[in-house]
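Chain residues, written in single-letter form:
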Amino acid sequence: MVAVLSPQPARRTLSKPACPPVGALRGKRVGLRRDRFWLSWDWITEEWAELLKADGAETVIWRAPVGKGDKEMTEGGEEYAEFLEAIDVAISGLGNCGSCTMWAIHDAVGALDSELPTVAVTTEHFEGLARTLAAQRGHDNIRIKLMPYPLEGRPEDEVRQIARENYPGLVEALGATR
Amino acid sequence: MSAAVSLASERVDLSDDVYEFSREALERGWSDGLPCIPPTEERVLAHIEASGLPADRTLGMLYPAGVNCTIEHLAVNAVMAGAPANAMPLMAACVSAMADPSFDLAGINATTASVVPAFVVSGPVRDVVGLPYKHGALGGAAGPAPAIGRALRLVVRNIAGQVVGVTSESVFGQPGRVTGIVTSEWLEESPWPSLGERRGVPGDSVTVFGVLGTANILNSYGSGGAEILEVVGRSLAYMGNNNMDHSAQFAHQLVVLNPVWAKIVAREFPRMEDVQEVLYQHAAVPIESFPKSLHRPLEEAADIRSDGRVYLMDTPDDVSVIVNGGKGSLHGTMLPAMSNMLPVTRSLNADTWQPGE
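Chains as they are written, first to last, in this note's numbering: chain A, -1 to 176; chain B, 2 to 358.
Here chain B stands alone, though its shape is the one from the complex:
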C-alpha cells in the first residue's frame, strides 16, 4: 500500500531530534507543548495503512475552520501525539462522531465553557488497543489512552482550528483539553448491555460526549441501590450545571458507576431504563432554592415543572450510565454535560457509516 499512496500534506524540513522538533512544532502552532514525534512520511504511511482506509477518506467537516478531516490529517496528528497505529480505526470513528452536526463541535470549540469531547469505547477493541477500564479508568492508568486522546486533541487544534484565545473563548479550559478523555466499559462486570448496544450500535463502537470535566461522587453510607442513585441524581443537579441555566435547552449527562455499586443498583433496578428514570427524578431542584433573580428567566424558559422543581434533564433518556473503575467502590463519577449538544455513537466499522459521516 505504502508505495502507491500519494500524500497531500505540505512537507517541511525540520530537525529529527525530538527536543528540537518539539520546540519547532510549538513555535509553528502545531503542538500543545508536550514532546512530539516528527511525523515523517514513513511513520504517517504506517498509520494510514493501519486504519484500513484510504489516505483521502474524509471523516467529516470540523469547525470552526470548516476543514474536511481526512485519514491522512488524522494520521499525521496521531504520529505527532505518539498514538499507536492500531488505534487508527478507533480514532477515525472518534473523529467521525465529533463531526456529526448533532455534537455541535463548532459550539464546543468556541464556547466560554470548559467542555471537551470525552470518548467511551465499547466492545472487544478495548483489549486490542489496551484501553483502561479498571483502576484509574478515567485517567492515570499507564497505556495508550492519553496518547490517543492527545491525538484527537491535536486534530481539534490543527484541523478544526481551535486555538485558545483566538477561536476558543474557554475561560478556564481543563486538563482533559490536553490529553483528552478516553475510557472504556468494564462490560464483564456490568449488569447492563454495553453503551453502544443500548444506543443501537452493537460490537465495537465509540460514543462521544461533550463534558465539562469529571467530578467525584462519594457515598460511603450507601445502604442500597435506590440510595446510591439518589445521591448520584442529586449530585448531578447542582445549581451551576450548564443545563440548570435558563438559556440551555438540553444536555446529556454521563455517569460512571463502579462495578460494586453497579451490582448493588442492579439488584433493585435490573433495567437500565429504570436506573435512568430514578436519576432523572432525583436530578431536580425546587425553584425556591434558586436566587430570586433567576426565577423569571427560568419561568419564561418553561424550565419550572408543575411540581415546582427545575429538572436537570428533559427526559430520563438524557443520562447515560456506564460501568468501569476499580472495585474499591465508594465513588461514582459524573461528567456534567455542555448544553445544546447530543452524544454521538459510531461503529468502528466505517462501512456502516451513513453518507456524510
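Chain A with its partners taken away, still in its complex shape:
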C-alpha cells in the first residue's frame, strides 16, 4: 500500500433554503428569461405571458445575450442584474440541451440568490442535469417545471397548445394562486 493524493478536491455541501412560494399572482411582476436557442421556448413564453397577464400579473420578457468577449459578457451580467431588480418572480428557461440547461440554471440560481421566487423550466430529458447543476450551487431543492421532450420538430400550433396545457403546472411549480 502507498499513500496517494486524491485527484479530486473535497466537494462543498452547500444547501441553501428553498425559495418561497409566489402566492397570489395578481400584481406580481413575472420575468421570463429566454435565450437564443429555442423557437419553441419563444412560443411557450409568449403563451405563458398572455396567461399570466390574464391572471393579473405583469410580465417582462428578457433574452439573455451571448457575450462575445469580456466587455459583452460584463454588459450581459449587468443587464441580467437590472432584469432581476425589475421583477418579483423569475421563470428561467429553457433547459433543452446541455449548454442551454447550464445557462438556464445559472440564471435561475442568480435569481434564487437574489431571493426571488424562481422556477427553472427544462424538458424531461434534461431534468437530471438541471438538478445536478443547481445542487452544485447549493440549490438542491430548486423548483423545476418539466416540459415534454422533445419539443423541437413539432409544429408551432402544437407547441403553443402544449404551453397552454402546461400553464396550470407552471402555476403549481411557482407555488402561486390565481
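Read the hints as simulated data drawn from the structure, not as lab findings. A hint or two may mislead.
Part of the chain B face toward chain A, derived, beta carbon under 8 Å [said to hold, decoys possible]:
#1 Y20
#2 P65
#3 S330
#4 H332
Computed spacing ranges between beta-carbons, pair by pair [to be verified]:
#5 W354(B) x Y147(A): 37 to 45 Å
#6 S4(A) x G174(B): 22 to 30 Å
#7 G126(A) x F173(B): 14 to 22 Å
#8 R235(B) x E48(A): 43 to 51 Å
#9 S13(A) x P298(B): 22 to 30 Å
Okay, the calculated bits of chain A under chain B, using three or more residues with CB under 8 Å as the criterion [to be verified]:
#10 -1 to 5
#11 66 to 76
#12 91 to 98
#13 109 to 122
#14 131 to 139
Computed from a prediction, not measured in an experiment: that's the story for all the values here. We put the beta carbon where it would ideally sit given N, CA and C, even for glycine.
Following the hints, complete the assembly by docking chain B onto the known chain A.
Chain B alone, transformed into the frame defined by chain A:
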C-alpha cells in the same frame, strides 16, 4: 522546496501496483479507464516544483463544479496521467486559458455537442517539452502530447467535474475527450508569424480552442493558393457546422495547413489577414441550399446577408490558421468550432497573467 510544501489534498492508502491502483482509480471515479500512475506525495511535489509556482497558486475557476484549480490539483492529475514534470508550466497556462470566461468551459462541459478543448502551442517550449509538429502533428506521433492532453482531460473530469451522463450531456463525445488534442506550430516552415504573436502574445504561449473534432480536407488538384483556400473555406461551411445553426451567435474556426500548402498560399497571400478574408468569403452557403423550414429561423436570427448567403463567420477574424504536419501535402485539416465561445491565448509566463487569470 519539497520539504517546506504542505499539500492540501486528501490522502488515501491504495495499492502501489499500477494495475490495482488503476482499477481503484476507475472505481472511485478518478480515472478515464486507462492505466494510472499512483500520485504519491513525492511524485506530486516534483511536478509542483517543476511548475515554478506555489502549490496553492490558483489557475482559475473551473465549471460546472465551480472549483478554483490550483497547481497542486493540476500536479496530482498530471502524475496520474503520466504527463512529464517539465510540461507543468505549459499545462498551468492551459488550465488558466480554459478558465477564462470567454472560453465558456461551463457550456463546453455540459453541452450535447462533442466539443473538447484543443491546445495549440507556440514558441520554443515546443522542443523543450517535445510536442509534435511534423508528421502526425494532431495525433499519432510518439511523445508526451497524449499524456499532457490526458492530464488536462483528468483536470476537467476531476476538478471541473465533467462526468459523462451526469454533468455532460454530450451525445457522442469524441476520442479527443480521452487524450486531449495538443499540437504545436511548425513555425520554421510557416510563412506567417506564430499564432500566439498574431494574438498579441509573443514567445511561448498556448491558445485553446473549443473544437468538435478534426476533419480532413483533401485537394489533390490544387493549382494555386486561391484554389486551396476556396476548397478549405467551402469545406468549413458544411451545413451542419454548429455556427450554421440559427441559435449560434458566433464561433471561431481552426484550420491547419500543411507546410507545402502554406508556401503555395503565401505566394498569393503573404498577409495572414488576406488568407482569413478569402476563407471568410468562401465559407458561406446560399440560403436556397437550406431546407425550407430553416429559412425563417435563419432570417429571424439575421443570419442571411444581403447577397442571399449564410456566412459561417461574423468576420474574417473568426478563423485561425496554423501550419504543421508532414510534407506529403495533399491534406489540410479543419477543426470546426463549438458556438458561442472564443479562443483564449496565455503566455507560459504566469507573471504576465492578469489578476483572476
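Okay, the hints, checked on the actual structure:
Nearest Cβ of chain A to the Cβ of Y20(B): about 14 Å, over the 8 Å cut. The hint is violated. Interface hint at P65(B): satisfied, since its Cβ lies 6 Å from the closest Cβ of chain A, which is below the 8 Å cut-off. Interface restraint check for S330(B): the shortest CB-CB distance to chain A comes to about 35 Å, outside 8 Å, so the restraint is violated. Interface restraint check: H332(B) against chain A, minimum CB-CB distance 31 Å, threshold 8 Å, status violated.
Between W354(B) and Y147(A) the beta carbons are some 42 Å apart, a value that agrees with the proposed interval 37 to 45 Å. Between S4(A) and G174(B) the C-beta distance comes to about 25 Å, which sits within the given range of 22 to 30 Å. About 18 Å separates the C-beta atoms of G126(A) and F173(B), a value consistent with the hinted range of 14 to 22 Å. Here the CB-CB span from R235(B) to E48(A) is close to 45 Å, well matched to the stated 43 to 51 Å.
Roughly 40 Å separates the CB atoms of S13(A) and P298(B), a value that falls outside the hinted 22 to 30 Å. Coverage of a stretch by a chain is defined here by at least three residues with a beta carbon nearer than 8 Å to that chain's beta carbons; for the region -1 to 5 of chain A and chain B the count is 7, and the condition holds. For the region 66 to 76 of chain A, the assignment as covered by chain B holds, since 4 residues bring a beta-carbon within under 8 Å of that chain's beta-carbons and 3 suffice. Coverage of the region 91 to 98 of chain A by chain B holds in this model, with 3 residues showing a Cβ closer than 8 Å to a Cβ of that chain against a need of three.
Only residues whose beta carbon comes within less than 8 Å of a beta carbon in chain B count, and the region 109 to 122 of chain A has 0; fewer than three means the coverage is violated. As drawn, the region 131 to 139 of chain A meets chain B at 3 residues by the rule of a beta-carbon pair under 8 Å; at three or more, the given contact holds.
Hint check: violations occur at hints 1, 3, 4, 9 and 13; the rest are consistent with the structure.
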